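Enquirer: Based on the sequences and whatever the hints tell you, model everything.
Chains as they are written, first to last, in this note's numbering: chain A, 1 to 135; chain B, 1 to 432.
None of these hints come from the bench; they were simulated from the model.
There may be inaccurate statements among the hints.
Claimed, not checked - Output of the computed footprint for chain B on chain A, the stretches with three or more beta carbons under 8 Å from beta carbons of chain B:
no.	region
1	14-28
2	37-50
3	64-73
4	81-88
It should be emphasised that the depicted structure is a prediction, and the values quoted were computed from it without experimental measurement.
Even for Gly, the Cβ is constructed at its ideal location relative to N, Cα and C.
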Amino acid sequence: MNGGYAVVAGTAQGPLVRLDEPLSFWGGFDPETGEIIDVHHPQRGLDLRGAVVAMPAGRGSSSASSVILEAIRAGAAPAALLLTEPDEIIALGAIVGHELYDVSLPILVGVDDVGFASGAIVMVTSEPPAVRLAE
Amino acid sequence: MTALLTAAEQEFLDGRHGDGAAVAMRIVVRLAEAMGADRLRSIEGAHIDSCLFHGHSGIDFVERLVDGGAHVSVPTTLNVSSLDLIHPERFLGSDADRSASQRLMDGYVALGCEATWTCAPYQREQRPGFGSHVAWAESNAIVFANSVLGARTHRYGDFIDISAAITGRVPHAGLHLDAERLATIVIDVGDLHPALWESSVLAPVLGVVVGRCAGTGVPVIDRCPAEMSEDALKALGAAAASSGSVGLFHVVGVTPEAPTLDAITRGHVDEVERVVVTPSMLADAAAELSTAVGERPLRSVSLGTPHYSVDEIATLAGLLGERRVHPDVDVFVSTGRDVLAEANLRGDAERCRSAGVKFVVDTCTYITPILRAIDGIAMTDSAKWAWYAPGNIGAEVVFADVTDCIESAIAGKLRVRVDESWWTNPLGESDS
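Expert: Here it is as structure tokens:
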């Protein structure tokens, strides 16, 4: 992994899912099932529940925080997020998820190339910010 | 980075203003750390998006604040909810969802927010002035406040909006800072046919292109030949904040922070990427907004995303004239309750109603069950509605300008004049 810093702390493990385009969680992701439902997204239908999701950026609506939080409550959230660009709206969903439900959804930002292919089982840590193959 | 707090801010964290206010300050401080801010700053007002029901977690959150004795410390308006409190029969969802949505709304009113229920708080008489710092959520409101009013808000999302309203503080970062407001990409529209600017369909479609090109950056639109109305800027910004994460755009000579291209690039225009918008880029963006395929009946027309202004309702009344919409087509206009009151006074709302148009206030037709039938085509004049409705409510959409929407609604079937060639040749001129 090149670069990156943690905006939300935590440790998580799961299959890596690399998204080709930014995703708007609001209107683009079903917080009950964890599925991508955005008709404008090339990877519509993909299941992000429990995955380590690497994506360039969020997109659009400020309701994305609520959708992330609802997915955390429903147990359908990704395990961790690796973003190229900072996205405070996504980070807020995870920050409040920790505050309300004591669930940690680590988010690293500034990740240009995660270095592994989709499907690899990876471990994400915030201290130090890193992504490596799970043992 | 750990933000340096003043003694007054530290008091919030220490619980001196109650448990709810402490939760709010923890969220503000954690966001400040995530944004790399070294301190917090004050705000003059807030606009809250968190009042829209997405699931029980939203209720868990607001009731944690209410039970913790929190109250807003700055004037605070509320975005759309899932319910139309003035026309409650519009809501076709379950009783459980209705009562959950109401419970969420009650929570925000209990925190001291004003029951405005509009996504266009900038259409109210009191709105932020140039240079004032606010904490606004709702992507279209954010981009309007920053771009058109010259107020300063970062791209705030749910939860930080109310946390900022309670504490009166936001991270000193992002779009609050001068340097973050400079243009990062030039969108050159000077090669487009001048007649495009006379159509209301250009602004939302250009917005889609701007959002795609700019992503999370700050676009400046250059060589715009005409004044743009607030309604056009509203449509452009809402679209750019849907297809991209645009929280601020400039239009040279039109928006307040961009008197010249030099000013908004601090003289470094040569170092900024320039995209020249072509007719085919606009045609592609317009095509992307229409997801409906095949011969299907027209079922509904949804106007007013973001909420229609007084002027837009007057335009609609003029387009309708003495005609009525077809009985098989539901025509909805989403707007704010304050705007509807004004349109009632002017007589425009009654003209629309007698044509068969249904007003929706406090909410919007693409975020809550209002449309009776989604088995046919849903038309809209809003790029934002077209962008989100397929995912949110499963609608098959045809995007068009308001004239085509209304002519279609009256005819009971699609009447769309704007096709692919229109973007090159809007006047239908022959080549010879």
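Enquirer: Against the structure, test the hints numbered earlier, and report the numbers of the ones violated in rising order.
Expert: none
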